[in-house]
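Asks: Below, each chain spelled out in residue letters.
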Amino acid sequence: MKRTARKLAIGLKSSSIQKDPRIRELRFAMHQIRHSPLTVFGLILIASLVFISIIPSSFLPYPKDLESVNFPSKLQPPSWQHLFGTDDMGRDVFTRVIYGSRISLSMSLIVVAIAMSIGVPLGGVAGYLGGRVDDLIMRLTDIFFAIPSVLLALAIVSALGPSIVNATIAIGVSWWPFYTRLVRGQVLSIREETYVEAARAIGAKDRRIILRHILPNCAPIIIVQSSMQFGYAILMLGTLGFLGLGARPPAPEWGVMIGAGRVYIPDWWWIATFPGLAIFIAVLGFCLVGDGLRDVLDPRLRR
Amino acid sequence: MLIGVLTITFVISHVIPGDPVRLMAGKLAGEDVWQVLRKEYGLDKPLYEQYINYIAGFFLRGDLGRSLRTRQPVMSDLADYFPASFELVTMSMLVSVLVAIPIGVVSATRKDKLIDHGSRLFALSGVAMPAFWLAILLQLILGYGLHLLPISGRIDMALAPKPITGSYLVDTLLERDFSAFWNALQHMLMPVMVLSFGSLSVITRMVRSSMLEVLGQDYVRTARAYGLADRRVVYGYALKNAMIPAMTHIGMSYGTLFGYTVLVETVFDYPGVGLYITNAILYLDFPAIIGATILLSLVVVVANLAVDFVYCLLDPRIRYA
Numbered sequence: 001m002k003r004t005a006r007k008l009a010i011g012l013k014s015s016s017i018q019k020d021p022r023i024r025e026l027r028f029a030m031h032q033i034r035h036s037p038l039t040v041f042g043l044i045l046i047a048s049l050v051f052i053s054i055i056p057s058s059f060l061p062y063p064k065d066l067e068s069v070n071f072p073s074k075l076q077p078p079s080w081q082h083l084f085g086t087d088d089m090g091r092d093v094f095t096r097v098i099y100g101s102r103i104s105l106s107m108s109l110i111v112v113a114i115a116m117s118i119g120v121p122l123g124g125v126a127g128y129l130g131g132r133v134d135d136l137i138m139r140l141t142d143i144f145f146a147i148p149s150v151l152l153a154l155a156i157v158s159a160l161g162p163s164i165v166n167a168t169i170a171i172g173v174s175w176w177p178f179y180t181r182l183v184r185g186q187v188l189s190i191r192e193e194t195y196v197e198a199a200r201a202i203g204a205k206d207r208r209i210i211l212r213h214i215l216p217n218c219a220p221i222i223i224v225q226s227s228m229q230f231g232y233a234i235l236m237l238g239t240l241g242f243l244g245l246g247a248r249p250p251a252p253e254w255g256v257m258i259g260a261g262r263v264y265i266p267d268w269w270w271i272a273t274f275p276g277l278a279i280f281i282a283v284l285g286f287c288l289v290g291d292g293l294r295d296v297l298d299p300r301l302r303r
Numbered sequence: 001m002l003i004g005v006l007t008i009t010f011v012i013s014h015v016i017p018g019d020p021v022r023l024m025a026g027k028l029a030g031e032d033v034w035q036v037l038r039k040e041y042g043l044d045k046p047l048y049e050q051y052i053n054y055i056a057g058f059f060l061r062g063d064l065g066r067s068l069r070t071r072q073p074v075m076s077d078l079a080d081y082f083p084a085s086f087e088l089v090t091m092s093m094l095v096s097v098l099v100a101i102p103i104g105v106v107s108a109t110r111k112d113k114l115i116d117h118g119s120r121l122f123a124l125s126g127v128a129m130p131a132f133w134l135a136i137l138l139q140l141i142l143g144y145g146l147h148l149l150p151i152s153g154r155i156d157m158a159l160a161p162k163p164i165t166g167s168y169l170v171d172t173l174l175e176r177d178f179s180a181f182w183n184a185l186q187h188m189l190m191p192v193m194v195l196s197f198g199s200l201s202v203i204t205r206m207v208r209s210s211m212l213e214v215l216g217q218d219y220v221r222t223a224r225a226y227g228l229a230d231r232r233v234v235y236g237y238a239l240k241n242a243m244i245p246a247m248t249h250i251g252m253s254y255g256t257l258f259g260y261t262v263l264v265e266t267v268f269d270y271p272g273v274g275l276y277i278t279n280a281i282l283y284l285d286f287p288a289i290i291g292a293t294i295l296l297s298l299v300v301v302v303a304n305l306a307v308d309f310v311y312c313l314l315d316p317r318i319r320y321a
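So the sequences go chain by chain: A and B. Position one of the first sequence corresponds to residue 1 (the working numbering), numbered consecutively onward. Position one of the second sequence corresponds to residue 1 (the working numbering), numbered consecutively onward.
Chain A on its own, in the form it takes in the complex:
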């Protein structure tokens, strides 16, 4: 008797999992991702990028080249000893490119975190409260949108002084409006949903409505945006490094390496080429995943 009751309970439980819309949604999403070859390709790119960035530096072929120079072996073309050749100071380009992934990934994470922590709350407040607060916040984002974001980051970082930390701050600070505009739009439409009205009717407080009902429903769109932003952040950090406003030599940052290697074009082409390839692959990975996720998470595009 007891046993059948339990069986019944388990049976009920498993069937309720089947019917739980969230699980169904997730399975549907997984199904869609699997059937989009480019998204899978992007995921593979990101996974391998994360993997190479956590390789301890002592496992790299020439760990010494991260700190010191080795003039006797300078400007060697790519070979089995030096897969990507060596640069003007005899340092192994392959080692430095691999190690550079650490800098780019960690700094991009900070950029996205900064932009999100400013942008999402502002967007939420603007969308939920509306009225004058909304006007004020949106006017501010409009102004930020009017300045090309590359230039805004340039201006901020040249005011703060060139360094990788300042570059990270500058990019984060100039990118929050993207989140604000996005989240505000989403909140505006969610606010009118019946479930929010229902929550309000049973006396839920604003705080609870925002945290439990509105923000979770903004999550998909924030995730898509962040995946893209992450890629752009890598690109932007490289850009600032290239212009001499981000990381400083001898840091093995990709943009810096391209900037330094540019002088050696065309005879010693490998110095600038391989770090650029690394940026390209990394950013492409995040863009592919972001773009793929948008198709999956945005129900409007599903038809």
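Honestly, the hints are just simulated from the structure, not real lab data. Quick caveat: nothing in here was measured; it's all calculated off a predicted structure. Glycine included, each C-beta is placed from N, C-alpha and C at the ideal position.
Over 10 Å on every C-beta distance to chain B, these chain A residues come out as not near it, computed from the model: (1) Pro-77; (2) Gln-81; (3) Ile-190.
Reference listing, derived: stretches of chain B covered by chain A, where coverage requires no fewer than 3 residues with Cβ under 8 Å from a Cβ of chain A: (4) 3-10; (5) 125-131; (6) 258-264; (7) 283-296.
Here are some, though not all, of the chain B residues that point toward chain A, as calculated from beta-carbon distances under 10 Å: (8) Asp-112; (9) His-117; (10) Arg-120; (11) Leu-121; (12) Leu-134; (13) Leu-140; (14) Met-252; (15) Val-267; (16) Ile-277; (17) Ala-280; (18) Val-300.
Given the coordinates of chain A, assemble chain B onto it according to the supplied hints.
Replies: Quick look at chain B alone, frame taken from chain A:
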């Protein structure tokens, strides 16, 4: 809007920890030189007074301050450099729109086919490709490798036309100097390739998604039911309506492209606003950086206005509203 942009740039430029005047005066200059220079640039006045002067100067006299590097008014420097960038960016925009629309349409009509995936990869590569790196690669391959195109500059010095409009393409045509026109065009080709590849992707994606939406509409089905040729339905009816949301992004990309000239012009040594900004950065020349930023923001605002205007042309519903 403009006051907002001016305020933000003012705030940025006045929280500099470094002292650009001291940099300009040089290490050997004494305190008295420094004081004189500060007075000359109005940096000795209280902050709010500087702010008011700055805003008033811009609106009343079109004054953006004086460059610390060239010692010329920033406005006249920009007037020299702007036409080159304007020409470059406009050409790039034209190229990317002309390439992006067909690609977007094709990938929408053949959704999820191989060609759709291919165009998606192509478009996203455009986003992911670091502009300065692509520029270097093109220099390597087309310039040094195949000797097809000039590596840098805007035109061969000897051929430079007398400035009429400031756009070399227009000026050389006005003078009927076709070899100079060809030369300028060749110099422009690589920068245009780099710039348009970046903006291509955004426009392609936009055209594709709005095209998909339009193709599902009833009037498209009706047109098909009437037996109109597929070509006619897609390009005649659907594309026109799909272009409306895409226009917004074209307007926005225009501004973004101006931002990217900083990179592209630096690599190609192309004398436009972008190169001017890079040089200004090297010299911590704040009035110049800020002035150029303001000018380009102004371009963004104007581009968006132009887009609104084109909306009206494309969509009668907006016109009558």
